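Visitor: So you can see what is in the structure, the chains are spelled out below.
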Amino acid sequence: MADKSKPKTYQEVGYYPGCALEGTGHAYNRSTKAVAGKLGLKLKEVSNWNCCGAMEVKNIDPKIQTYLSARVLSNAAHLDKVDVVMAPCNGCYHNLKKAEYDLTYDPESRAVVDRLSTKAGHAAFEPGQAKTIHALDWIKEAIGEDGLRERTRGKLAGLKVANYYGCMYTRPRHIFPEKDQGPGSESTSEPHFMDDLLAAAGAENVDFPLKTACCGGAHTLSDSDTSTKLVLNILQAAEACGAEVIATECPTCHTGLEMHQVRAEKRFGVKTTVKIMYFTQLLGLALGIKPRKLGVQENISDAMELILEKQLQS
Amino acid sequence: MTVIIGADTPPKPRKDIGGFDAIEARIDAIASNPGSAAEAARELVTIGEEILECWIKARGEDPVDEEREGFRLIALHRQGARGEPSFNACRETVRELAYHYNLITLDPSHPDTEKRLRLAVMVAKHLCLFVSGKMQVAGLGEFCCSSRPLRSDGQ
Numbered sequence: 001m002a003d004k005s006k007p008k009t010y011q012e013v014g015y016y017p018g019c020a021l022e023g024t025g026h027a028y029n030r031s032t033k034a035v036a037g038k039l040g041l042k043l044k045e046v047s048n049w050n051c052c053g054a055m056e057v058k059n060i061d062p063k064i065q066t067y068l069s070a071r072v073l074s075n076a077a078h079l080d081k082v083d084v085v086m087a088p089c090n091g092c093y094h095n096l097k098k099a100e101y102d103l104t105y106d107p108e109s110r111a112v113v114d115r116l117s118t119k120a121g122h123a124a125f126e127p128g129q130a131k132t133i134h135a136l137d138w139i140k141e142a143i144g145e146d147g148l149r150e151r152t153r154g155k156l157a158g159l160k161v162a163n164y165y166g167c168m169y170t171r172p173r174h175i176f177p178e179k180d181q182g183p184g185s186e187s188t189s190e191p192h193f194m195d196d197l198l199a200a201a202g203a204e205n206v207d208f209p210l211k212t213a214c215c216g217g218a219h220t221l222s223d224s225d226t227s228t229k230l231v232l233n234i235l236q237a238a239e240a241c242g243a244e245v246i247a248t249e250c251p252t253c254h255t256g257l258e259m260h261q262v263r264a265e266k267r268f269g270v271k272t273t274v275k276i277m278y279f280t281q282l283l284g285l286a287l288g289i290k291p292r293k294l295g296v297q298e299n300i301s302d303a304m305e306l307i308l309e310k311q312l313q314s
Numbered sequence: 001m002t003v004i005i006g007a008d009t010p011p012k013p014r015k016d017i018g019g020f021d022a023i024e025a026r027i028d029a030i031a032s033n034p035g036s037a038a039e040a041a042r043e044l045v046t047i048g049e050e051i052l053e054c055w056i057k058a059r060g061e062d063p064v065d066e067e068r069e070g071f072r073l074i075a076l077h078r079q080g081a082r083g084e085p086s087f088n089a090c091r092e093t094v095r096e097l098a099y100h101y102n103l104i105t106l107d108p109s110h111p112d113t114e115k116r117l118r119l120a121v122m123v124a125k126h127l128c129l130f131v132s133g134k135m136q137v138a139g140l141g142e143f144c145c146s147s148r149p150l151r152s153d154g155q
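As you go down the protein sequences, you meet chains C and S in turn.
So the first sequence is residues 1 to 314, counted in our numbering.
So the second sequence is residues 1 to 155, counted in our numbering.
Isolated chain S, as found in the complex:
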């Protein structure tokens, strides 16, 4: 018999730290009604920036305005990962979002644009879920498999 953790228990009320439920809803809205692919891709990158801003602000920092490799999104991720190596678990997710933005906006009439946008939506959603997960457990321990230890002095 397969035991699925918590499958039959009622959902626990979850505190929406940083407004991630609203962000997730915006991503879902783009998925269901994308409109212009290029505009939707831009909006997804903006959402990605907002997600990272939530993380950075929660750490008591001001999000940077600079760009890395042409993206503020990437600069924000670098800032968010500073002193927090486990945050690099979403490094490639951030870069995939930038990559899909490039694919879509550089050639919006490409036959794969619809598929690319669908994947960009999923990548943005993954970033949202990952960062919200980290925020959710803040103060209780770390979310990530490469987490910072409770005792780091080794004594």
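Pulled out of the complex, with its shape left as it was, chain C reads as follows:
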């Protein structure tokens, strides 16, 4: 039973899809919105949002990246009047959290953001005006396992899932002060929020040793073979653990797993059959949303056969 005494949080949040969710991660965007609609949660897309600075800007000038992320938070706080910004992409989530941290503790970052905000003609973001959360935090807090259990009735029963968080969801630890705070909080060494949510929907999570291992995302162009081998290792480990599907919560990781799964077969002649799906797609199926509305057909990894076999289609 749901804990009725628990105050409802995150029922309406600022939504920062970021660039990836409008491109390669479109299915993540689609499934996140579909799940929000089904759960009665409101997503208010951040007005006039910009790139978070991702890796491209950060690798050249981290202060500019801090400004770009701070501008997103400023727009959320000042234009949209929200105090929580939900970012489903690990890169965006990481960068916005880092901006919050840097603006609190680094006077140089503070000065650069103030100067550029004035120049751009908008209010400078002040830490505390809005906080960043991940899509996992959002559903975990807004609905919780009990709420999901009630709504899904174990729909994912019999589905073996390896939860893959990637390396940026928990690193570096110091920018995530809310994590590692004991029972109920997320762990940076053994993340479990995705495991908790999918288990609540009935899935059987396998014990997966590479859940935070590097997917080689940043190496895709400079050394594709190493990226492919890293992904292949993740895919094979998931299969060795008995997983039928790898659940993801980052568009970069997801795309990397899908692309290199195909490339591993072409380049190295090694075929893996484990499917790759966003955790929001799996939750959506559990909530009775049709696969098409969750963008399952947009995935490179074709999971329709598995969905039919497991009778996950409504």
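Simulated from the structure, these hints should not be mistaken for laboratory data.
Accuracy of the hints is not assured; some may be wrong.
Claimed, not checked - Here are the simulated DSS-like cross-link-like pairs (lysine-lysine), alpha carbons at most 30 Å apart as the crow flies:
(1) 160(C) - 310(C)
(2) 310(C) - 115(S)
(3) 266(C) - 310(C)
(4) 57(S) - 266(C)
(5) 81(C) - 179(C)
(6) 119(C) - 44(C)
(7) 8(C) - 179(C)
(8) 160(C) - 115(S)
(9) 271(C) - 115(S)
(10) 131(C) - 38(C)
(11) 8(C) - 81(C)
(12) 42(C) - 290(C)
Remember, it's a predicted structure, so these values are computed and weren't measured experimentally.
Chain C is fixed; fit chain S onto it per the hints.
Guide: For chain S alone, coordinates are given in the frame of chain C:
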């Protein structure tokens, strides 16, 4: 149509910095012929230490001989990550290797030992690939998503 990066181009010759190809071959050999599970697990931890030593030596440091939480492997990772936060991307991989070593050696007759060893092999391989990737691009920029910026003064 799905475009797979570089799928049809011939493999580029890759410089084997630090002898990682040989290390990878040793890991593959354990996978194909593990022998005693406990011995194989020990060998994988030793290989893990050698991988981290390569990284530390490349930074111009002497690898430590001390242990953390009963493992030199973990001490070496801490040393390798000092001043290099992006190296923490393999922190859990290192700890998973130690964890699987414990699982296998504490109860070698456990019915899951074969599976545990297979996973330990994959974890060791991941560490090898990750560190070799970082070494490969040394001087060209950073490998990792949390990389150190080219310009860090913010000017």
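Visitor: Give a verdict on every hint.
Guide: Hint check:
1. 160(C) - 310(C): holds, 11 Å
2. 310(C) - 115(S): It holds: about 25 Å lies between the C-alpha atoms, which stays within 30 Å.
3. 266(C) - 310(C): holds, 29 Å
4. 57(S) - 266(C): violated, 36 Å
5. 81(C) - 179(C): holds, 26 Å
6. 119(C) - 44(C): holds, 27 Å
7. 8(C) - 179(C): Judged against 30 Å, a Cα distance of about 20 Å means the pair holds.
8. 160(C) - 115(S): OK: residue 160(C) and residue 115(S) at ~17 Å, within 30 Å.
9. 271(C) - 115(S): Cα-Cα ~20 Å, so holds.
10. 131(C) - 38(C): holds, 24 Å
11. 8(C) - 81(C): holds, 19 Å
12. 42(C) - 290(C): Judged against 30 Å, a Cα distance of about 20 Å means the pair holds.
Checked against the numbered hints above, the structure breaks only hint 4 and satisfies the rest.
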